Amino acid sequence: IAGITQAPTSQILAAGRRMTLRCTQDMRHNAMYWYRQDLGLGLRLIHYSNTAGTTGKGEVPDGYSVSRANTDDFPLTLASAVPSQTSVYFCASSVSSGEQETQYFGPGTRLLVL
Amino acid sequence: GQNIDQPTEMTATEGAIVQINCTYQTSGFNGLFWYQQHAGEAPTFLSYNVLDGLEEKGRFSSFLSRSKGYSYLLLKELQMKDSASYLCAVRDSDYKLSFGAGTTVTVRA
Chain A
795 IAGITQAPTS QILAAGRRMT LRCTQDMRHN AMYWYRQDLG LGLRLIHYSN TAGTTGKGEV
855 PDGYSVSRAN TDDFPLTLAS AVPSQTSVYF CASSVSSGEQ ETQYFGPGTR LLVL
Chain B
46 GQNIDQPTEM TATEGAIVQI NCTYQTSGFN GLFWYQQHAG EAPTFLSYNV LDGLEEKGRF
106 SSFLSRSKGY SYLLLKELQM KDSASYLCAV RDSDYKLSFG AGTTVTVRA
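Read top to bottom, the protein sequences are chains A and B.
Under the working numbering, the first residue of the first sequence carries the number 795, and numbering increases by one thereafter.
Under the working numbering, the first residue of the second sequence carries the number 46, and numbering increases by one thereafter.
This is chain B alone, in the form it adopts within the complex (with noise of 0.2 Å):
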């Protein structure tokens, strides 16, 4: 089975940075995804981390340590805009995609 852990709630000021950590144990390994997801609306692909390190995409960052089973997502300069869930999903040995329960960031003026 797959077990990815991700933090429920996270509040942060607008212009902040925020990091939201994932950890994960699944049956195989093929590339770790981050997702957003504003409230009534589909998940949006964020970013894809295969290999280990650090992967930068303007404000946003994803890091990945395979050997720990651990990645985050970096929000940097918080904006409004960016309240919204964040998915962590893990890709198995099958293809298949696992999803944590995703995180709510909520960004405060």
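This is chain A alone, in the form it adopts within the complex (with noise of 0.2 Å):
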């Protein structure tokens, strides 16, 4: 069971270029997020998608885009990079968006752009 992977792992990027972490879990979860963490600051809610087809901002959307086309698989893209979105960037699910939902954290990507 790999359960949410991402991918890069880790990426150099030089500001203005397109770049999209990909991630995908094989739990059926319904409910998938995007995270930032930056030291000092805590995890932050990017976008969100309740289910597959529908998309919602988080707390800190700005400069990223996001898509679910189905079930298992929430890319999340940066149109033209900036260094302040420097970070690691985690990708997360639950079985629902309601009560008692656990969220399970993907490994993580960490960016650098430069």
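The hints are simulated quantities; they were obtained by calculation from the structure and are not laboratory data.
The model shown is predicted, which means the values in this text are computed figures rather than measured ones.
Do not take every clue at face value.
Unchecked claim - Anything over 10 Å on all C-beta distances counts as not near chain A; from chain B, calculated:
hint, residue
1, Ala61
2, Val63
3, Glu86
4, Thr89
5, Phe108
6, Lys113
7, Tyr117
8, Leu123
9, Asp127
10, Lys141
To be verified - Beta-carbon label-pair distances, calculated as ranges:
hint, chain 1, residue 1, chain 2, residue 2, range
11, A, Ser890, B, Phe74, 13 to 21 Å
12, B, Glu122, A, Ser878, 39 to 47 Å
13, B, Ala84, A, Glu853, 22 to 30 Å
14, A, Leu908, B, Thr58, 40 to 48 Å
15, A, Thr814, B, Ala84, 24 to 32 Å
16, B, Lys102, A, Ala796, 23 to 31 Å
Claimed, not checked - With the C-beta cut set under 10 Å, the calculated list includes, among others, these residues of chain B facing chain A:
hint, residue
17, Gln47
18, Ile49
19, Thr53
20, Asp139
21, Leu142
22, Phe144
23, Ala146
Ideal placement from N, C-alpha and C gives every residue a C-beta, glycine not left out.
Assembly of the complex is requested from the two constituent chains, each provided in isolation within its own frame, with the hints serving as guidance.
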């Protein structure tokens, strides 16, 4: 059982470049999330999807876009990367977005934008 | 907006007990979670509280007081492998999680 996988593990990216972070889960979870984690700030929600075909904005959505074409995949795209997007990005999923649903996290992608 | 506060760092000795406090002010409340995160790894679920009181899971316990906007995570019989960051997270009225910055616990021999 893989759970949640993310790719790439790490990436160095030139500012202005486009980048897609991949996230795949094999648990048939309906809800998926993207967070960024920065030192001293904790995890902050970027975008989420309660079910395939729907997405929503989190706390820090600017500069990012997502799509949810199917249940398993939830890619995060940086259209034109900026240095402030240097962070560790975690994808998470839960059975649903309702009560008592625990979120499970992927291993993370470490992104450095120069 | 959400405001979740927890201490930045704590240090304790192997075999001891440590209590990590978390206070919150959020728009609505639908439960509080504690996650453990080892350096360079993903957060992993530890506990969930939605009603007032204590939830015990082996060496770890979590307490919630909704009226005070307060929770704590209690780690007993500390082991070296418990050295990690502990994240307090509150689920708001939209069922979204807001995280505190995390408390780094260092266990010394």
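Outcome of the hint check:
The Cβ of Ala61/B lies farther than 10 Å from every Cβ of chain A, with a closest approach of about 26 Å, so its non-interface assignment holds. Consistency note on Val63/B: stated as away from chain A, and its beta-carbon is indeed over 10 Å from all of that chain's, at 20 Å minimum. Non-interface call for Glu86/B relative to chain A: violated, since the shortest CB-CB distance, roughly 7 Å, does not exceed 10 Å. With 10 Å as the threshold on Cβ separation, the claim that Thr89/B sits away from chain A is violated: the shortest Cβ distance comes to roughly 7 Å.
Against the 10 Å criterion, Phe108/B stays outside the reach of chain A, whose nearest CB is about 18 Å from its own CB. Non-interface status of Lys113/B relative to chain A is upheld: no Cβ of that chain comes within 10 Å, the nearest being about 21 Å off. Non-interface call for Tyr117/B relative to chain A: holds, since the shortest CB-CB distance, roughly 18 Å, exceeds 10 Å. With a minimum CB-CB distance of about 23 Å to chain A, Leu123/B clears the 10 Å threshold, and the non-interface call stands.
Annotated as non-interface, Asp127/B keeps its C-beta farther than 10 Å from every C-beta of chain A; the closest such distance is 19 Å. Residue placement check: Lys141/B does not keep its beta carbon more than 10 Å from all beta carbons of chain A (closest about 6 Å). With their beta carbons about 19 Å apart, Ser890/A and Phe74/B fall inside the hinted range of 13 to 21 Å. Range check, Glu122/B to Ser878/A: about 42 Å between beta-carbon atoms, so the 39 to 47 Å window is met.
Between Ala84/B and Glu853/A the Cβ separation comes to about 24 Å, which falls inside the hinted range of 22 to 30 Å. Taken as a hint, the range 40 to 48 Å holds for the pair Leu908/A and Thr58/B, whose Cβ atoms sit roughly 42 Å apart. For the hinted restraint 24 to 32 Å between Thr814/A and Ala84/B, the CB-CB distance of approximately 27 Å keeps it satisfied. In this structure the hint that Lys102/B and Ala796/A lie 23 to 31 Å apart at CB holds, the actual value being about 26 Å.
With 10 Å as the threshold, the beta carbon of Gln47/B comes within range of chain A, its nearest partner Cβ sitting at about 8 Å, so the hint holds. Taken as an interface hint, Ile49/B checks out: its beta carbon lies about 8 Å from the nearest beta carbon of chain A, inside 10 Å. A least Cβ separation of about 8 Å between Thr53/B and chain A falls short of the 10 Å threshold, and the interface hint therefore holds. Interface hint status for Asp139/B: upheld, as the beta-carbon distance to the closest one in chain A is roughly 9 Å, under 10 Å.
The closest approach between the C-beta of Leu142/B and any C-beta of chain A is roughly 6 Å, which is under the 10 Å cut-off, so the hint is satisfied. Given the 10 Å rule on beta carbons, the hint for Phe144/B holds: about 4 Å separates it from the nearest Cβ of chain A. At about 4 Å, the closest approach between the beta carbon of Ala146/B and any beta carbon in chain A falls short of 10 Å, and the interface hint on this residue holds.
Violated hints, listed in ascending order, are 3, 4, 10; each of the other numbered hints is respected by the structure.
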